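Listed here are the chains, written in short residue letters.
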Amino acid sequence: MIFEQLSGNLLQGVILGGVYGMATMGLSLIFGVLKVVNVGHGAFIMVGAYVALTLFQTFGVAPPLAVPAAMVIGMALGMVFYYSAIRKLLKGPELASLLATFSCGVILEEVCKQLFTSEARGYNWELGKLDLGFTVLPHAKLLAFGGSALIGILLYLWFHKTRAGMAMRCVVESDEGARVCGIDVDWEYALSFSIGIGLTVVSGVLLTMFIPVGINPYMGGSYTLKAFVIAVLGGLASPYGAFFGGLVFGLIENGSYTLFAQIPGLEPFAMTRFFSFAMLLVILLLRPTGLLKAK
Amino acid sequence: MLTVEKLEAGYGPMQVLWGPDIEIKEGSITSLLGPNGAGKSTLLKTVLGSVAATGGKIRFAGRDITALPSHKRVDLGLTLVPEGKHIFKEMTVFDNLMMGAYRQEARIHRKESLELVYSLFPLLAERKNQKSGTLSGGQQQMVTIGRALMTKPKLIMMDEPSQGLAPKIVLEIFETVEKLKKEIGLTILLVEQNAAASLDAADYVYIMHEGVIKAQGSASKIKASDEIREAYLGL
Ligand SMILES: Nc1ncnc2c1ncn2[C@@H]1O[C@H](COP(=O)(O)OP(=O)(O)OP(=O)(O)O)[C@@H](O)[C@H]1O
Ligand SMILES: [Mg+2]
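Residue numbers (the working numbering), protein chains in the order written: chain A, 362 to 656; chain B, 76 to 310.
Keep in mind the hints are simulated off the structure, nothing from the lab. Take the hints with a grain of salt, since some may be wrong.
[Said to hold, decoys possible] Computed list of lysine-lysine pairs in DSS-like fashion (alpha-carbon distance at most 27 Å, straight line):
(1) B:Lys206 - A:Lys452
(2) B:Lys164 - B:Lys132
(3) B:Lys296 - A:Lys396
(4) B:Lys203 - B:Lys186
(5) B:Lys147 - B:Lys164
(6) B:Lys81 - B:Lys147
(7) B:Lys100 - B:Lys206
(8) A:Lys452 - B:Lys132
(9) B:Lys132 - A:Lys522
(10) A:Lys452 - B:Lys100
(11) B:Lys186 - B:Lys296
(12) B:Lys229 - B:Lys81
(13) B:Lys132 - B:Lys289
(14) B:Lys298 - B:Lys257
(15) B:Lys147 - A:Lys449
(16) A:Lys522 - B:Lys100
(17) B:Lys229 - B:Lys100
(18) B:Lys254 - B:Lys100
(19) A:Lys449 - B:Lys203
(20) A:Lys522 - B:Lys147
(21) B:Lys257 - B:Lys229
(22) B:Lys100 - B:Lys203
(23) B:Lys243 - B:Lys132
(24) B:Lys229 - B:Lys203
(25) B:Lys243 - B:Lys256
(26) B:Lys132 - B:Lys147
(27) B:Lys296 - B:Lys100
(28) B:Lys243 - B:Lys186
(29) A:Lys396 - B:Lys203
(30) B:Lys164 - B:Lys100
(31) B:Lys203 - A:Lys522
(32) B:Lys206 - A:Lys522
(33) B:Lys254 - B:Lys243
(34) B:Lys298 - A:Lys396
(35) A:Lys452 - B:Lys81
Every value quoted in this text rests on a predicted model; they were computed, and no experiment measured them.
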């Protein structure tokens, strides 16, 4: 019984973890290239959730088809915030860019509150379920997982097989090395911020396919925190490391939920959160470069 | 080929360059010497464009490039072998070299450039599929020089290319520098700690101290002047 429940939950964990991982790739990309921690990360996930919700409710667009729109909106937002807020602060102290990304998040939250009110909303997209006996997987969740994995693979191919992607990797490794090759480093910064935000907004769409309810302007906060844990798990600066970090996180979150639920008197949901952050602390103490990084 | 006039630059409020004038003739090796912290690296970075000039002028191949971003300067045929190498350690040797041919003009000639690099450093051809971070220091320096050659430069600036290398490798690096001039006709601006070897390789020498040029002259003239050698070079 507990075993069946656990394996069911772990499977759900892997699937959710894949989406979590995708939702962290943008954070890792931006950190890898610009060395800026996007504290407003969750707010961009929230924007993606509203993109999915609005397109579905107003125009009847199926959530997976909202992905390209979310990418375009996210990349545009990224460019606007990069050139207006981030660019000038890159040479300044770290706190400056932290405050800037935090402010970008707050601005987005308040704009969305004006546009959509702070009431939590949701949508209902029925697509059927896959019944495995020990657990039930809605097709929408499977699709979200598949989409996340696909985006992860595409990002990997872009980074390793295209000239533009390789140029961005050069900037990650060494600004000065990139410059002497004639790579326009300033543009690479703008582009990576823009792609990072685009990916994050897309992940917001995919996350609503998992949890299509509770969409509100302040929903991003818990995702920001989770993304930090996942990014550290995956080795902070590596977008695909983040993907695997997400898988691990999803497994641990769901696995520990099941186990905590067995202990009477514990509130399992609160405990999983506690557990996640205890984990973050331990990893930072033992392996600050990330668990999954080779060396 | 390159003229630097009254160049001023620095980092934030700290000014490092206080108006040095430098002229580099096509097809020559010019050596820039000076003690630690004199501003040699800063000068090279300002000429490349990774540090912004706050005053003065940089002219290259007949154009004022003072306000040009560095990737456009690379297009014109200017590049740098940076201090501390800055290779892409996670990439293979081959990919490092190919990234040198990133710009359109360099890309067109990448086959010939690659042949040239492999003929200068046959070892890089053998190791082309190896991750460059796993190479020895001397081999990594070959990658850096090779990558610079892949940009199809007219002028290569080299910032302490022999730093931290074994004496035998240092010799090889200096031989390569002279080959680049003699066989390919490249113009070279060389910054070195190794003053004796630089004086042997160079045609013309500038001596920099606290952001200004204190002395200059042909290599033979500098070598012959006990005064300059004692005051600035410790030879
Ligand atoms: N990125 C930087 N930020 C702030 N100050 C710097 C930076 N790089 C160099 N400096 C300072 O600028 C001055 C000149 O440094 P530079 O590296 O140009 O000297 P150098 O002649 O190349 O010395 P070395 O022989 O040690 O390489 C030094 O006082 C150094 O501390
Ligand atoms: Mg230096």
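Would the pair Lys132 (chain B) and Lys289 (chain B) pass a check requiring their Cα atoms to be no farther apart than 27 Å?
Since the Cα atoms of Lys132 (chain B) and Lys289 (chain B) sit roughly 19 Å apart, the hinted pair holds (cutoff 27 Å).
Straight-line Cα separation of Lys298 (chain B) and Lys257 (chain B) no greater than 27 Å?
With a Cα-Cα distance of about 22 Å, the restraint between Lys298 (chain B) and Lys257 (chain B) holds, given a limit of 27 Å.
Pairwise hint evaluation, Lys206 (chain B) against Lys100 (chain B), where the allowed Cα distance is 27 Å at most:
violated (37 Å)
Given pair status - Lys100 (chain B), Lys452 (chain A), alpha carbons within 27 Å
violated (35 Å)
Decide if the proposed pair is consistent with the structure: Lys296 (chain B) and Lys100 (chain B), CA atoms, cutoff 27 Å inclusive.
Holds - the C-alpha atoms of Lys100 (chain B) and Lys296 (chain B) are around 17 Å apart, at most 27 Å.
Would you mind confirming whether the straight-line C-alpha gap from Lys257 (chain B) to Lys229 (chain B) stays at or under 27 Å?
holds (13 Å)
Do the alpha carbons of Lys243 (chain B) and Lys132 (chain B) lie within 27 Å of each other, as the hint requires?
violated (39 Å)
Given the hint that Lys186 (chain B) pairs with Lys296 (chain B), does the C-alpha gap stay at or below 27 Å?
Measuring from Cα to Cα gives roughly 41 Å; hence the hint is violated.
Please verify whether Lys449 (chain A) and Lys203 (chain B) have alpha carbons no more than 27 Å apart.
violated (39 Å)
Does the structure keep Lys243 (chain B) and Lys256 (chain B) at a Cα separation of 27 Å or less?
holds (21 Å)
Tell me if the straight-line CA distance from Lys147 (chain B) to Lys164 (chain B) falls inside 27 Å.
Holds, at roughly 25 Å.
Is the Cα-Cα distance between Lys100 (chain B) and Lys203 (chain B) 27 Å or less?
The hint is violated at about 34 Å.
When each numbered hint is compared with the structure, violations occur for hints 1, 2, 3, 7, 9, 10, 11, 16, 19, 22, 23, 28, 29, 30 and 34.
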